[in-house]
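Novice: Spelled out from the first residue to the last, the chains are:
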Amino acid sequence: MFVLPPPPRYPTQAAYNAAVAAGQATPMIETNNILTTPEEQFLVGEGTYVLKEDLHLATPPPHPSEAPVINPNPLATTPQPATAGTKVSLLSFAIRPPPPAFFRLTSATTLSESIAEHPNESRESHDAKLSSDGEGRSASFSDGGPSTSVTAVSAPAFGEGNASLAPEKTKDANKKRKPKNNMTKSNSSFISRVIINESFTKKLADRPGDGLFAFANINRAFQWLDLSSPNKADYLTKILFTKAHCLCHAVNRVTKGPGHLDLIMGFSTGEIIWWEPISQRYTRLNKNGIINKTPVSEIQWIPGSENHFMAAHMDGSLVVYDKEKEDASFNPDEEEATVDGEGEASVRGVDHLSRIQILKSVHSTNQKTNPVAIWKLSNQRVNAFAFSPDNRHIAVVSEDGTMRIIDYLKEQLLNIFNAYFGGLSCVCWSPDGKYVVTGGQDDLISIWCPSERSLIARCRGHQSWVTSVAFDPWRCDERNYRFGSVGEDGRLCLWDFNVGMLHRPKATSVRHRGSISSRNTNLQRAETQGTTASRMRSNSGYSGLEGAEDNIQGISISVPVEPRSMTATIPPVLTKKADKDPLCWLEFTDESIMTSSKTGHLRTWQRPSDNPAPAK
Amino acid sequence: MTSLLSRFKTSAAGDAKAAGKDAQKKKEEPPPELTPLEKLLQNAGPFGNTCYCNSMVQALYYTTVFREHVLNYPPLSPSETPEGFKPKVNVVVRAPQAENGTANQANGKKPLTTAEALARRKQINSGQVIPGTQQGIKPEDKPDTPEYKKKQAMLKGPILELAQENPGAYGMDECTFTGLRDIFMTLVEANSRTGVLSPQRFLEIFKRDNEMFRNSMHQDAHEFYGLVLNDVISNVERNAKRLYEQEAKRANDGLLQSLESAFSHAVMPTSNGVNSPGTGWVHDIFEGVLTSETKCLTCETTSQRDETFLDLSIDLEEHSSVTSCLQKFSAEEMLCERNKFHCDHCGGLQEAEKRMKIKRLPKVLALHLKRFKYTEDYSRLQKLFHRVVYPYELRMFNTTEDAEDPDRLYELYAVIVHIGGNAYHGHYVSVIKTEDRGWLLFDDEMVEPVDKHYVRNFFGDKPGMACAYVLLYQETTFEKVRAQQEAEGLEEVRIASEKADVATEESGQAGLTNGLTRQVSQPNAAPSDDRETMAKLAHASTAPGMVLSSPAPPLPAPFNQVEGSAALARSQTTKAEPKSKEEKKEAKAAEKARKAAEKEELKAKEKQKKERDVQLREAQKTEAENLKKALEESKKAVEDESSKSKESAGPSMGILNRTNRGSKSMSRKSLNFLSKDKSKRGSGEAPTETAQNGEAVNPEKAPHTPKIKERFSFSLGRKKSHNVLS
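As given, the protein sequences belong to chains A and B, one line each in that order. Using our numbering, the letters of the first sequence map in sequence onto residues 1 to 616. Using our numbering, the letters of the second sequence map in sequence onto residues 1 to 726.
Read the hints as simulated data drawn from the structure, not as lab findings. Computed from a predicted structure; not experimentally measured. Cβ coordinates follow ideal geometry from the N, Cα and C atoms, glycine included. Keep in mind that the hints are not guaranteed to be accurate.
What the hints assert, rightly or not - Label pairs and their calculated CB-CB ranges:
| id | chain 1 | residue 1 | chain 2 | residue 2 | range |
| --- | --- | --- | --- | --- | --- |
| 1 | B | Gly347 | A | Gln606 | 51 to 59 angstroms |
| 2 | A | Glu46 | B | Leu297 | 50 to 58 angstroms |
| 3 | B | Asp284 | A | Thr83 | 53 to 61 angstroms |
| 4 | A | Val573 | B | Gly347 | 43 to 51 angstroms |
| 5 | B | Asp436 | A | Asn331 | 26 to 34 angstroms |
| 6 | A | Pro571 | B | Glu479 | 28 to 36 angstroms |
| 7 | B | Glu245 | A | Ser354 | 54 to 62 angstroms |
| 8 | A | Thr48 | B | Thr301 | 40 to 48 angstroms |
| 9 | A | Ser354 | B | Glu300 | 51 to 59 angstroms |
| 10 | B | Ala483 | A | Glu478 | 37 to 45 angstroms |
| 11 | B | Ala483 | A | Leu90 | 54 to 62 angstroms |
Excised from the complex, chain B in its bound form (with noise of 0.2 angstroms):
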């Protein structure tokens, strides 16, 4: 221990490594005595992995098109439901209060007091670490963390997990649509603010089907976003089919052969991506058409195909902008030599010129950055850290003259993050901009608001190895920008008045409470080693109900009814508010409120944004009658009673059912430009692919807690301030 001590007091000083010391530390550190709940935390961890799941789905519920459909799919008719009302969603609920004493009492400690609290989280924030406290204290124990506030959540709950479905709630067998549909139900009906919602559910199913994801390997978010839409894509054809079959069932004698053709159809185009009604939607917003012009060099001959994408897929350039990568992607390409085009006028294979062109824009534009590009040295996935800068809107310039609407304009929504040294390890959060509560931050339990300019920190240059992954853009107007641009600016300028009335009482303290409430400096690495030290025990205590895929401990998700999340951080931040303000009346000396103040400007319009949330939520509560709040104050009713009356909406259940993903909707997916990166780099990427599937699927067959762990301290040892998994 006095080796610890020492090792300790060096990394107080030199702050920048005091992180990483932490985390060495904490591995020579036994094991404190662990409560159910510290289990649980811990176990997401190993299990867990599921954060490329969290920040897609997160991304897909806040795409409200995509939302909407889901949850009104399939159309319920009488027959379907038989009880007359609508399915609901199994949930089971686990109240964490009990846990929660439990755990602070196992934990021996007391709650820290207010006046701790502060003096804490004020050296957390000026980068300094607690020499006394740091002992004992696991980075969830620190406020201010994301570990934290992650705790928090969870003990805080209500923690939801999807129960065991009813067999043939939505007339679907269950399915990886069902799952999502589960997932969004429960989303939208829960009536608490706050709440963890396990996504362990959804993810069997969609391992079930798909095998390469069968493992707790670092899995790529934007295989994951294939896969799911091609899985809804399928599951929603089989589920029109088999209506159709019922219905031709039901019509019995001579009819029965001419709908069954007629069926026939209708279902048999919708395979090769061409609409049929009432299944169509996915297509209608995901889809979108590339046209390949590949001009024969020889006899002047062009020909078009038409091609279907759920997304781009674009390659990087250093200090470059999407814009621009989305032209690259579209300019002319020599086929030659190896990669020679067959024409099918000269009868032969013949040197040609091929570009790609987008004939249709889709509603929604998923944007594949590809940062995770194979190298022959290492003979592995490198990632580029290069700068790629994306902007809020976006038109595209790579159409065909007889594009439909060219000029489509986008806005950004959402953004996949990927944390991390390469692409065998690392950390997904998605920054999701919502309808009502502005851009906000999922990482995993974790939910917080952060203001519009935060979406910029992921061009791929600031430290911390965070780069935008997948981009998503949805269709929207100029005329709604603007209205959002103003509207935005009005909350600004709205906070920005209250404050400055604030500064001028305070002078300026508010710089100090601004620090208060922000997230601190923490290292995710540590709690990855706890899980590493808890790994057997965690396998053996809660193994119960798990059928495919290893023990799995819920891995919760985010939850959020649209008030929800925000409210969650919200409610971290409401507490900081008032001990702050204590503090600032101890402070007063003029000279650092003079400090505070300058610090204050710099950080004041984040904060306002910041604040926004709370402020707005308190106005709400205690200020109806306010007139000046009058206008936010309308527009969150109406948004209220839609939520809620989304709630009365009726679930239902799956029966476990296999459903085979077929190989055409798989066809659709983003492999699609296996064949253009191919022709480019000849040996290209579809060996990546493999190598990377292989190595992935291979070792993990079954997942063994020693492997496991193996995995991780290897990473720990890698990169310090990372959570190397989940």
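Just chain A, same shape as in the assembly (with noise of 0.2 angstroms):
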């Protein structure tokens, strides 16, 4: 086997010199992580965020021999690899209480299952049972549920009753499966090298038990940080690929705990790797894109699963893998056989604006190796999806700007809402499952009421495309939610809206002209819905869903796209130019708005200190 030689670890000035001189590539050198803490500040209504710091993550230069090609003619149509900004993985090992908000929401209304347990705490409390591990993932989880406090109907785990499913046994019960490979010791290809933390152990050791890691991809480097460490500039390991780049990644929080932790990759090769810190030993996964050779443009475990999780594809499907499976090469004719007469006879012709192609069921009876099922959405890229809080829904965005609600227990396709106009790139649900917001290339951030088959509110603000959305849990209650959006101009937006407080403009004189209401009948539905009785009774979550979704076979499923003078508008609370580059990640946790850039400023912005966040 050809293995790339391994880079000079400590390249040095003169040895630079000479290359120069000489006139080869040069070794490029190492450089680290930077810490800062410019000063820098927001006031919105509850108090002021005080950036707290940067963390400046390197970029890692050019792999020695993939020496990059400089193409000095811009209309070169030569393909350039995807790859995205920093996206950050969050994880703390420790029980870290859930957003009070969230429970007061929880407790003071009995929500039927639209309410399911926080995520968060579903997988804490799982996290003390983990020697249940051997009775397979379904069994696993649905001890999970009935354990929260919420009143909630736990969601069926996903492919609940295919027994091909169900993991074989281990002997030993208590003992986590780890990947194949040792990557320290690996003469894969695919990995260029792997720096481990010199008091790596000791630093494990001794960090707080509830102090946040963060996983963190920048260009064809993958870094694990230890923030709540005093130097969390040093990594505690740095993996550098030879060409791919990360472009998502996600932790398991069932699995996870002090000895352990699930970590999946997804690449620009379409490959995945699932990797295992603290082992440090890895499994590449779809090698060589034997399943699907399109990028992976994200990746998240099915929640309450230990070996499931899901990638979007660039070909715009949807892919659930098992981690432990070997890959097989996949071959969707063979396989539309064995499905329950849902096959399609080809790949054309299939409408998918009223349902999934399910390429390969969950259900079906040939388990024994990857994929466990694969869907196919629309031939357009899928950009994002996220899970309801709920466990049984999740809403894909695509670059063809609609946002699909599927029901993937199911299988089933329930709604497409439409975007603006452009691509979507983001989303995600509400902490209560009620609403769903997705941000995009129309400058706006969308709020969307799946249960109702509407469109809440456009919210203007952003001046270039929106690139992640998040809820600040800590401050939604029943019926104010706040959400925060971040975009490619920089700023950081935060939003606040109440469902009683919007109104709809008024100019509903020009409702009939145009070309959005030559949809009549379709909008006239939505906007009935929408606006009486529906908004009451948005407490039954999807059953109002559920009933349209029989009755609409004749109808399509796509929600038309609202006229703007139809539509309420939302200002945001905040904006604030959060970063020089375009950011590209955003996230909320107990005590700080976390902003990622694309070139790889990390940045922390620490709550109102004179309003703590009343988890701490």
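From the two separate chains plus the hints, produce the assembled complex.
Specialist: Structural data, given as structure tokens:
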């Protein structure tokens, strides 16, 4: 086997100069992460958020064997590899208290299944029962469900009832399976090199139990950081990949524990790596794109599952993998024969606007190998997806400007919502599961209510495309919601919305003119639903939606675009130029707002200290 | 020569710098002997400077509504065509074949063998310079460079030149409109799939009417766009007027008077931008209406004024979107101090609030991104490299309350790209979405299919100084967009599955081939060098027939019959195919295959798109009976038919007759916004324009060779990676 030579670890200045003089490719010098504390802050109603720190992750130089092809021709049609700005997965071993606002919400109202357990919560309680591992994922999940304080009916596990999905029994039920290969000793040409902090074990032992870990991708590097460490600029582990860029990653919250972490990464080559950071072992899935060759734009563990995760590939398909299964080349035609009549005769002629094409069902009996399931949503790239808090639905946004609500347990497409214009790039659910928020290339953030099949409002405030949205569960209650967004304009916006306070603009006189309202019947329908009865019974979660599902066989499940004159518009409560570069990720923690930029600046904005987060 | 060689060696190692050094080397090289054809090509440079025209005319041609109207105007009446058949455009077709032969011989080079070509291409692909061959080879001889492709296009021909016209063929005087119509007509009628059409005749006419373009300076594509449309408008109006007059004459006696008065009523409003039957189609397509609402802060009276526009010029901000720049355009603005507003109500200059909104949306929305900004410090136009993102679809937020269809959906169909560091140099290309071939890159005589994502390379932040400069959006519907997206995806899926089969057979070697079919990193500067050395010769030899604007060797515009363009590019790609397959077999080592597979995955998607055209065409030829492809087949067939039927439509010629472009139509141009700019920045843009124009016109009244030469070498020193002119 041909192995790429390991690059010099600490190239010297002399070596660099010599190489330059000799006209050879220069050995690149590893740069270190830089931690700075610029003085910035912004004021919102609840107080002042202060920039606590800016951690600039070092962009690694290109791999020596892959000398950058600098193409002076700007018109070169050479395809550029997919890449993504820095995204971060946060993780804490400890059971952090869930947002209090959320607790109030769940106990005060006896919501039906649309309010399920908060993901963290259920997972935490689940953590305690890690020993029940061997029972199989479905079993372990269902005993995780009822243990929560909420009266919610727990969602069944993904693929429940399919015996062939049950994992093999391991000899030692308490022992977690680790990936096959040792990363540090790997001679794979996929991984260029792995650098582990010299005091790795000491650092792990000394850190506070509730400290935050961060996993972040930047260019071809992937870093594991300890945000609770005083030297947070020093990574615990840094992996450099040869050529592939990690575009997305996720940590399994069911299996996490001080001795074990399951992390998955999706790559620009379509490949997926399952990595166990503590033992530094890994497995490559979808190797050489045997299942799907297109880049992975989003990857997430299926809530409550130990083994299964879902990856969005850029050809518009969602693929469910099992971290422990071998890959097998996938031929949709063979598979379709075994699927219950759903199978399409050919790839052509599928109406992606009415249903998802199930290339392989989770209920398929052939579950010896990956993929577990493949669904083709459309032919356009899927940009992101999010699991609903009740673990029954996913909201999927694509480059074609659609947001699909899918019942992933039943593998059924429920609704398609359309952006005002342009593609949609990010999506998230409100903590109670009532609303979905999307952001996209129309510079807008749209608030949708899937159960009413309606658009609640559009939010105008960004000056470029929106790249990430997230709710702040610490500032949400029964009526009021707070969420944040970041965009290509480098701005952080915060938004408050209160369902009762929304007013549609009065200018209804124009509504029967124009291209949008030409689809009048649909619009009317959505309109009446949106404004009258269903707004009142928004508690009923999806019951309305399911009912609608039955009687819309004839009608498109696609919700037409609402004209501007019919839609409420929300201004931001705050817009802050949070970085000079485009931002690409945002998350709320109990003590801060975190943002990251395309160039690797990970910024932490401390919540107002005069009004400490109740969680603390 | 030794110094050259050593220099060359170093450059081979530091591959990034190679390009620049290559250019330098070229300069020192004694000019090799030239064949007529090479002269022709090189002449394109100094005379050239037509890329602004080429990119815009292509964009206008692919504005379907506009094309249809141009082709169908003027409606031919029997009196206009006495011969009883439709007139034809006089086209001179130059056969390039013979010259091709001599070219090769004169160069004393044998055509590359397959293996050689492959090896070379590989090197180029990996960004290295080929040491041995480099010495004698000009950029246009290197495969996979734009220069090479352009040369091939010229070699392949046919090269069409619009000849001196038959007078009065359309019943119209020769004018910008007839010139444009001739070009469109020729494109539609041409029955070969590839070829090059010279815009020279059209430009002559255009320059005759537009003094400021009468030099070989770098021209502004946006300005050109405005002037062409205004010319077309005034030409069409003039013609309408003439027709009315004719009618009036025919209708003798007493009717004459009443008719004349009637017609004057009909025509006069036209010049104010209101439609009159038969002539308003340009307005219908491109014209929108802006309302500026001005609120006097003293008496609170709001006054409104409507203005028409053919395009919107928008100010740019770093890290913004076109959508947001458009909203800024409608932002409220204070009129105070030197820019006070004259209020009719209070009778005097008062402070006021002003905002511009769109009252009527045009069918085709042209957005001019103001990338060139006058800076006092340098007293020149600086280019802004702000990153401004533009979506494939667009709706306008800044419409008035009573606007019709305020949610009108637009789709992006053409991007005019400016490449270069400032306003005085550079190159224009266009990326255009065609009805049948998807996105194509038009770079003068080169046409190349590109994938949809390529369109996003010109936000302004990528290296190479290529930025979107004019964006053309056209009206569409939600359903159309959805249908299109599905179709696009279907193609990708089909090719993906075919690809997958290939990949399993050949264990992923496709990755290599993939690179081969692609255009490679080549400095554009080199050819301009050659042009420089050749400038004198060129002017001496190819002057015949040039009336107005210096020697005018044909500067070819890529000419596309709808089929043609892609086929041109395809002819190159297909050439690469079989070779690379041979090579694949050679390199079957498992390790390599694996690496290639990784590479391939990356590129697979793009490749699919690129190859789609190839495969489609091949499929069409060889597997017509293949049921799987029946769908695409039938679609294509319809297109073929329609384009053929268009060919039978008749062209004609105009007479030489100078039409003055009225100042009225000029005011309809985007210069409207000057007033706004001025009020914003005090000294504003107006001085800029004049400065630019003045500079442009004065030194170049009579283009001399030395002048041009000087400019060339200057710009060369500045930027090596770009085609300085053309």
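Novice: Given a hint of 54 to 62 angstroms, does the C-beta separation of Glu245/B and Ser354/A actually sit inside it?
Specialist: holds (59 angstroms)
Novice: Are Asp284/B and Thr83/A spaced within 53 to 61 angstroms by their CB atoms?
Specialist: Because 44 angstroms falls outside the window, the suggested range is violated.
Novice: With respect to the beta-carbon atoms only, verify the hint that Ser354/A and Glu300/B lie 51 to 59 angstroms apart.
Specialist: holds (54 angstroms)
Novice: Does 54 to 62 angstroms hold as the CB distance between Ala483/B and Leu90/A, or does it fail?
Specialist: violated (42 angstroms)
Novice: Taking the beta carbons of Val573/A and Gly347/B, is their distance inside 43 to 51 angstroms?
Specialist: holds (44 angstroms)
Novice: Assuming the hint says 37 to 45 angstroms, is it satisfied by the Cβ distance from Ala483/B to Glu478/A or not?
Specialist: holds (43 angstroms)
Novice: Does the beta carbon distance between Gly347/B and Gln606/A stay inside 51 to 59 angstroms, or does it fall outside?
Specialist: 58 angstroms Cβ-Cβ, so the 51 to 59 angstroms window holds.
Novice: Using the C-beta atoms of Thr48/A and Thr301/B, is the stated range 40 to 48 angstroms upheld?
Specialist: holds (43 angstroms)
Novice: Does the hinted range 28 to 36 angstroms hold for Pro571/A and Glu479/B at CB?
Specialist: holds (32 angstroms)
Novice: Could one say that the CB atoms of Glu46/A and Leu297/B fall in the range 50 to 58 angstroms?
Specialist: violated (37 angstroms)
Novice: For Asp436/B and Asn331/A, compare the CB-CB distance with the range 26 to 34 angstroms and indicate the outcome.
Specialist: Because 32 angstroms falls inside the window, the suggested range holds.
Hint compliance for this structure: hints 2, 3, 11 are not met, and every other hint is.
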